[in-house]
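Participant: Sequence:
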Amino acid sequence: MNPLTSSSLIERTPHPRRWLAFAVLLVGAFLPPLDFFIVNVAIPSIRAGLGADPSEMQLVISGYAAVYAVFLITGGRLGDLYGRKRVFLAGLAGFGLSSMLCGVATSPTMLIVGRLLQGLSAAIMAPQGLASVQALFPEHERARALSMYGATIGLAAIVAQALGGLLIAANIGDLQWRIIFLINLPIVAIVFLGGIPLLPDTRSANPARLDRLGVLLCALSLGLLVVPLVKGPEAGWPWWACLMLIASPGFAIAFWRYELLLTQRGATPLVSPRLAKAPGLVLALTGVLFFYVVSAFFLTFSIYLQEAAGRSAFSTGLMFVPCGLGFLIGPLTTPAATRWFGRWTPVLGMALEVVGCLVLSALVSTAPAAHAPALPGVVIALSLIGFGQGIAVPTLVRSMIDRAPAGGSGMVAGIVNSALQISAALGVAVIGSVFFSLAGASHTPSSLAHAFSWAMLCVAASLTVAALLVARASHTYKNAVTVELSDQSS
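Residue numbers are given in this note's numbering: position 346 of the sequence shown equals residue 336, and the series is strictly consecutive.
Everything labelled a hint here was simulated from the structure, so no lab data went into it. Note that the structure is predicted; figures quoted are calculated from it, not measured. Ideal Cβ placement from N, Cα and C applies to all residues, glycine included. Any given hint could turn out to be false.
Below, computed lysine to any residue pairings styled on SDA-like, alpha-carbon distance capped at 25 angstroms [unchecked claim]:
#1 Lys267 / His465
#2 Lys267 / Pro239
#3 Lys267 / Leu250
#4 Lys267 / Gly367
#5 Lys267 / Gly256
#6 Lys267 / Glu297
#7 Lys267 / Thr466
#8 Lys267 / Leu279
#9 Lys267 / Cys448
#10 Lys267 / Trp246
#11 Lys267 / Leu203
#12 Lys267 / Ala242
#13 Lys267 / Ala198
#14 Lys267 / Leu252
#15 Lys267 / Leu251
#16 Lys267 / Ala461
#17 Lys267 / Trp334
#18 Lys267 / Glu224
#19 Lys267 / Pro384
#20 Lys267 / Phe241
#21 Lys267 / Gly332
#22 Lys267 / Val205
#23 Lys267 / Ile243
#24 Lys267 / Leu175
#25 Lys267 / Arg247
Computed Cβ-Cβ distance ranges for the label pairs, DEER-style [to be verified]:
#26 Ala38 / Gln124: 55 to 61 angstroms
#27 Leu428 / Lys267: 49 to 55 angstroms
#28 Arg247 / Ile162: 47 to 53 angstroms
#29 Leu250 / Leu458: 50 to 56 angstroms
#30 Val455 / Leu308: 29 to 35 angstroms
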């Protein structure tokens, strides 16, 4: 049977098992964010079990996010080239094998390698679900499929913390923290076996060639930035860390110049330079790099609750439930918020997050060192963070896709998703380093509370910068549209 390549053909004869096939692909969308967030609750247990230092624990999280970010667009291109079924199953198998490597890790290095491979496999697997919507569904069903896709990613972020705490508390087979990785194996096996008969072989009719050198330069520039930011402070900023930081901008410039060269030759770059000409888009993308540093909150709050306030992993996981519920409710209110606040809606969401971070910082700094602050105040702060995030994420992404030049919405969506993951990696690297530096080697309840309070202030400051940049981007875009309409009328 020929691969499905034409959307018009699909609309005339919809695939009979399209919803079952999409359910399989949704698992590929669910697992990557789940495995990013689920690790946070297990960090204290992993540190104790493997004797890892703080920088190694940061790499367990930021390394996964960085690799996922760099190869996300490439994963989508691979599906276009070689067929989304084949690439999805390959990524799923890789995710299962790398999860097993993480689960049997006997050293921090082995765990970090497993997490890097997990991020790579996730980047190959995850884009195939979104890319398949156009091929699998007729036009009248696509909105429902996209809503399910977004809800699946949101659900993964919501359940990850509580599920991680529950699995560690259950201590199935005396596996302790290892169960959060090994639990992926039966899921991967079932989905893999189900995917073979259910998934159709869809691919792009006109796939672009893979920008291999662009991928390499992008990976080097990000790796040379993240690794020294994580390892440098603890090592006392040795020469190699400084050299890597200095080299990172050089590779970023080389990457951009190479993308320009590919564009001039008529080839398809990893990131199209013409996107820089879209009004306000670069400003908004810069704002995204400051926006998702909130990921550092999940890491630092988990460590604070377990090591300073003496909560169990399960209890710590439950503490994130108000944040998750807020994140779930937030998108439901965006139609009303958009009617009231228009293009300022993403800024409103970030402002709510800032308030939540400031409230949480104040509560922790004024509470007794070895006790968590009063629960009602914490619930309010966490709800504000989750609710603001739930408003900001979809409206911010949608606003940037709307600013994309003709034919560039797909690439902008991929770049925005990558930028969110880069922001998560940098947030854990930078704010995580601030947290561990202030916590000191002793990790007393007092030092951990002090460190977490300052970490929240750092997150609030980053979100404030993001809000200002996004607001400026919206203003720039509005002015450009006004000028264009004026020119057309004249």
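Participant: All hints, please: hold or fail.
Facilitator: Now for the hints, and whether the structure bears them out:
With a CA separation close to 15 angstroms, the supplied pair Lys267 and His465 stays within the 25 angstroms bound. Straight-line distance between C-alpha atoms of Lys267 and Pro239 comes to about 21 angstroms, which keeps the hinted pair within the 25 angstroms bound. With a C-alpha separation of about 13 angstroms, the suggested pairing of Lys267 with Leu250 holds against the 25 angstroms cut-off. At most 25 angstroms may separate the alpha-carbon atoms for a hinted pair to count; Lys267 and Gly367 exceed this at roughly 45 angstroms.
Using a Cα cut-off of 25 angstroms, the hinted pair Lys267 and Gly256 holds, with the two alpha carbons roughly 18 angstroms apart. Taking the CA atoms of Lys267 and Glu297, the gap is about 48 angstroms. The hint is violated against a cut of 25 angstroms. For the hint pairing Lys267 with Thr466, the CA-to-CA distance comes to about 12 angstroms; that is within 25 angstroms, so the pair holds. With a C-alpha separation of about 19 angstroms, the suggested pair Lys267 and Leu279 falls inside the 25 angstroms cut-off, and the hint holds.
As the CA atoms of Lys267 and Cys448 are separated by approximately 31 angstroms, the hinted pair breaks the 25 angstroms bound. About 14 angstroms separates the Cα atoms of Lys267 and Trp246, which keeps this hinted pair within 25 angstroms; it holds. At roughly 23 angstroms between alpha-carbon atoms, Lys267 and Leu203 fall within 25 angstroms of each other, so this suggested pair holds. For the hint pairing Lys267 with Ala242, the CA-to-CA distance comes to about 19 angstroms; that is within 25 angstroms, so the pair holds.
Annotation: proposed proximity of Lys267 to Ala198 holds, straight-line Cα distance about 22 angstroms (limit 25 angstroms). Our distance criterion of 25 angstroms between C-alpha atoms is met by Lys267 and Leu252, whose separation comes to about 17 angstroms. The straight-line distance between the Cα atoms of Lys267 and Leu251 is roughly 16 angstroms, inside the 25 angstroms bound, and the hint therefore holds. Pair hint Lys267 plus Ala461 holds up; C-alpha atoms about 18 angstroms apart against a cutoff of 25 angstroms.
As the CA atoms of Lys267 and Trp334 are separated by approximately 22 angstroms, the hinted pair is consistent with the 25 angstroms bound. For the given pair, Lys267 sits about 40 angstroms from Glu224 by alpha-carbon distance, which is inconsistent with the 25 angstroms threshold. For the hint pairing Lys267 with Pro384, the CA-to-CA distance comes to about 23 angstroms; that is within 25 angstroms, so the pair holds. Between Lys267 and Phe241 the alpha-carbon distance is near 22 angstroms, which keeps this suggested pair within the 25 angstroms criterion.
Simply put, Lys267 and Gly332 have alpha-carbon atoms about 23 angstroms apart, close enough for the 25 angstroms limit, and the pair holds. Our distance criterion of 25 angstroms between C-alpha atoms is met by Lys267 and Val205, whose separation comes to about 22 angstroms. In summary, the hint linking Lys267 to Ile243 is supported, as the alpha carbons are separated by about 17 angstroms, within the 25 angstroms threshold. Pair hint Lys267 plus Leu175 does not hold up; C-alpha atoms about 45 angstroms apart against a cutoff of 25 angstroms.
Between Lys267 and Arg247 the alpha-carbon distance is near 16 angstroms, which keeps this suggested pair within the 25 angstroms criterion. Separated by about 47 angstroms at the C-beta atoms, Ala38 and Gln124 break the suggested range of 55 to 61 angstroms. Against the hinted window of 49 to 55 angstroms, the Cβ-Cβ separation of Leu428 and Lys267 comes to about 42 angstroms, which falls outside the hint. One distance hint, 47 to 53 angstroms for the beta-carbon pair Arg247 and Ile162, holds here, with the actual separation near 52 angstroms.
A hinted range of 50 to 56 angstroms for the beta carbons of Leu250 and Leu458 is inconsistent with their spacing of about 29 angstroms. In this structure the supplied range 29 to 35 angstroms holds for Val455 paired with Leu308, their Cβ-Cβ distance being about 32 angstroms.
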